[in-house]
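Engineer: Given the coordinates of chain R, assemble chain A onto it according to the supplied hints.
Chains as they are written, first to last, in this note's numbering: chain R, 1 to 94; chain A, 1 to 296.
In short, the hints are calculated from the structure, not lab data. None of the values given here were measured: they were computed from a predicted structure. Just so you know, even glycine gets a beta-carbon here, dropped at the ideal spot from N, CA and C. One thing to keep in mind: the hints can contain errors.
Chain R stretches covered by chain A per the calculated footprint, using a threshold of three residues with CB under 8 Å from any CB of chain A [unchecked claim]:
| # | stretch |
| --- | --- |
| 1 | 12-26 |
| 2 | 30-42 |
If the Cβ cut is set under 8 Å, some of the chain R residues that face chain A in the computed set are [what the hints assert, rightly or not]:
| # | residue |
| --- | --- |
| 3 | 9 |
| 4 | 68 |
| 5 | 70 |
| 6 | 77 |
| 7 | 79 |
Label pairs and their computed distance ranges (CB to CB) [to be verified]:
| # | chain 1 | residue 1 | chain 2 | residue 2 | range |
| --- | --- | --- | --- | --- | --- |
| 8 | R | 48 | A | 146 | 23 to 31 Å |
| 9 | A | 70 | R | 46 | 27 to 35 Å |
| 10 | A | 66 | R | 31 | 27 to 35 Å |
| 11 | R | 49 | A | 191 | 33 to 41 Å |
| 12 | R | 37 | A | 98 | 49 to 57 Å |
| 13 | A | 52 | R | 48 | 48 to 56 Å |
| 14 | R | 46 | A | 212 | 43 to 51 Å |
| 15 | A | 75 | R | 56 | 40 to 48 Å |
| 16 | A | 94 | R | 56 | 54 to 62 Å |
| 17 | A | 155 | R | 46 | 17 to 25 Å |
| 18 | R | 63 | A | 108 | 26 to 34 Å |
| 19 | A | 221 | R | 37 | 21 to 29 Å |
| 20 | A | 94 | R | 31 | 49 to 57 Å |
| 21 | R | 48 | A | 155 | 21 to 29 Å |
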Amino acid sequence: MAELEVEIVAADHFVWSGAAELVKARTSDGEIGVMPGHSPVLAVLAAGELAIVPSNGERFTVQADGGFFSVDHDRVVIVADNAQLDDAVAVGNR
Amino acid sequence: MGAQIRVYRQKIASTSSMGKIFKAMELIATSRIGKARSRVSASMPYARAITRAVSAVASQSEVEHPLTTEPEQVRRSAVLVMTSDRGLAGAYSVSAIKQAESLIELLHGEGKEISTYIVGRKAQAYFDFRNRDYARVWTGDTDAPKFETAQEIGEALLEAFNTPYEEGGVEEIHVVFTQFKSMVLQEPTVIRLLPLEVVEEEVQRESDLLPLYEYEPEPEQVLDALLPRYIESRIFAAMLQAAASELAARQRAMKAAGDNANELIKKYTRLRNNARQAEITQELSEIVAGADALSA
Numbered sequence: 001m002a003e004l005e006v007e008i009v010a011a012d013h014f015v016w017s018g019a020a021e022l023v024k025a026r027t028s029d030g031e032i033g034v035m036p037g038h039s040p041v042l043a044v045l046a047a048g049e050l051a052i053v054p055s056n057g058e059r060f061t062v063q064a065d066g067g068f069f070s071v072d073h074d075r076v077v078i079v080a081d082n083a084q085l086d087d088a089v090a091v092g093n094r
Numbered sequence: 001m002g003a004q005i006r007v008y009r010q011k012i013a014s015t016s017s018m019g020k021i022f023k024a025m026e027l028i029a030t031s032r033i034g035k036a037r038s039r040v041s042a043s044m045p046y047a048r049a050i051t052r053a054v055s056a057v058a059s060q061s062e063v064e065h066p067l068t069t070e071p072e073q074v075r076r077s078a079v080l081v082m083t084s085d086r087g088l089a090g091a092y093s094v095s096a097i098k099q100a101e102s103l104i105e106l107l108h109g110e111g112k113e114i115s116t117y118i119v120g121r122k123a124q125a126y127f128d129f130r131n132r133d134y135a136r137v138w139t140g141d142t143d144a145p146k147f148e149t150a151q152e153i154g155e156a157l158l159e160a161f162n163t164p165y166e167e168g169g170v171e172e173i174h175v176v177f178t179q180f181k182s183m184v185l186q187e188p189t190v191i192r193l194l195p196l197e198v199v200e201e202e203v204q205r206e207s208d209l210l211p212l213y214e215y216e217p218e219p220e221q222v223l224d225a226l227l228p229r230y231i232e233s234r235i236f237a238a239m240l241q242a243a244a245s246e247l248a249a250r251q252r253a254m255k256a257a258g259d260n261a262n263e264l265i266k267k268y269t270r271l272r273n274n275a276r277q278a279e280i281t282q283e284l285s286e287i288v289a290g291a292d293a294l295s296a
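Bound-form chain R, shown alone (with noise of 0.2 Å):
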């Protein structure tokens, strides 16, 4: 099955990448999932959290403020002003 690949940045810093299977997030409008196959977008991104489910590991979360992220061709890029991973169960996954 295809892939996400996803990368999280902050404005200073870099914070995730890698294979995931879903990524939810919140958008001005409410929320959006995106799974592999999904069609470009680009999204203002609301303060909150996003949730991402990588391909292996267990899912985590993350706390961003305010961005937004583009989805294509199965690439999902988040840009956030500030991002923080919630826990340490993704740093295995670095």
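Structural biologist: Here is chain A on its own, set in the frame of chain R:
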């Protein structure tokens, strides 16, 4: 002891204590450059992602956005000058200011008014000394810029940009900063921040082609949200480059100063030895002459 020797001794002492300061500043700058450079590269992914997104929206959708439309006539320009807070960095601040001055002259020549925005105490001192006005100034962290400062600058510039000309607003924004090319080469650079220049180019590879995005909510809102971030990220990137350049310039200047101090110490030491020897010779000849006079 002869007066000459004392003078040289004082000079040697003061030069060597200055030499110590130069050495220390050189070491500090050297140790900070690495960090400054890694911050430059850490900010790259964000800048890349945001540039790609902005170019996608700006080039695909037929959005009329004030930030991307070229005004028919520019009557007032904003110039943001980035210099350092502290001196002892060779020609770093001076060359940035020079670059800004030639830009200002050019814009004046085109009949535009200028409103200046300043980063760094050196440029502030330069403008204060010449009694010239500036719109705003930010000082305090030029060698380790914070993203919050970039945000503040971005907000201030955008606000000026969104104000109509009649109320003191500006119609284009230029940034003068020093680009970090390598450890030995830093170049004062001018970029035009706003309005954005949309460059059309042929696509080289299939993957370069930007996909046709869906926008959420509307393209206008997306652009509204994107552009301030884009501006901030450009400003922040420029500040980081400037910081790395400042440190590199300081390191080089301090290395040269330290070397010169060592040269001076060598020279004064020779002169001091010379003076001491001359004194001894004189004393000897006086004694000999005195003895001769007695025995005669």
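Engineer: Does each hint hold? Answer for all of them.
Structural biologist: The hints, checked one at a time:
Check result for the stretch 12-26 of chain R against chain A: holds, 3 residues qualifying (beta carbon to beta carbon below 8 Å, three or more required). Note: the stretch 30-42 of chain R has 5 residues with beta-carbon separation from chain A under 8 Å; the three-residue rule is met and the coverage holds. Interface hint at residue 9(R): satisfied, since its Cβ lies 4 Å from the closest Cβ of chain A, which is below the 8 Å cut-off. Hint status for residue 68(R) relative to chain A: holds, with the closest Cβ pair at about 6 Å, below 8 Å.
About 5 Å separates the beta-carbon of residue 70(R) from the nearest beta-carbon of chain A, less than 8 Å, and the hint is met. Given hint, residue 77(R) at the interface with chain A, holds; its Cβ is 5 Å from that chain's nearest Cβ, closer than 8 Å. Proximity of residue 79(R) to chain A holds as hinted, the smallest CB-CB distance being about 5 Å (cut-off 8 Å). A hinted range of 23 to 31 Å for the beta carbons of residue 48(R) and residue 146(A) is consistent with their spacing of about 24 Å.
As the Cβ distance of residue 70(A) to residue 46(R) is approximately 32 Å, the hint placing it in 27 to 35 Å holds. Under the hint 27 to 35 Å, the C-beta atoms of residue 66(A) and residue 31(R), about 31 Å apart, fit the expected range. At about 36 Å, the CB distance of residue 49(R) to residue 191(A) agrees with the hint of 33 to 41 Å. Here the CB-CB span from residue 37(R) to residue 98(A) is close to 55 Å, well matched to the stated 49 to 57 Å.
Range check, residue 52(A) to residue 48(R): about 24 Å between beta-carbon atoms, so the 48 to 56 Å window is missed. Checked against the hint of 43 to 51 Å, the C-beta distance between residue 46(R) and residue 212(A) comes to roughly 24 Å, which is inconsistent with it. Evaluation of the 40 to 48 Å hint for residue 75(A) and residue 56(R) yields a failure: the beta carbon distance comes to about 59 Å. For residue 94(A) and residue 56(R), the Cβ-Cβ distance of about 55 Å falls inside the hinted range of 54 to 62 Å, so the restraint holds.
Checked against the hint of 17 to 25 Å, the C-beta distance between residue 155(A) and residue 46(R) comes to roughly 20 Å, which is consistent with it. Between residue 63(R) and residue 108(A) the beta carbon distance is about 48 Å. The supplied range of 26 to 34 Å is therefore violated. At about 26 Å, the CB distance of residue 221(A) to residue 37(R) agrees with the hint of 21 to 29 Å. At roughly 54 Å, the beta-carbon separation of residue 94(A) and residue 31(R) lies within the given 49 to 57 Å, and the hint holds.
Between residue 48(R) and residue 155(A) the C-beta distance comes to about 23 Å, which sits within the given range of 21 to 29 Å.
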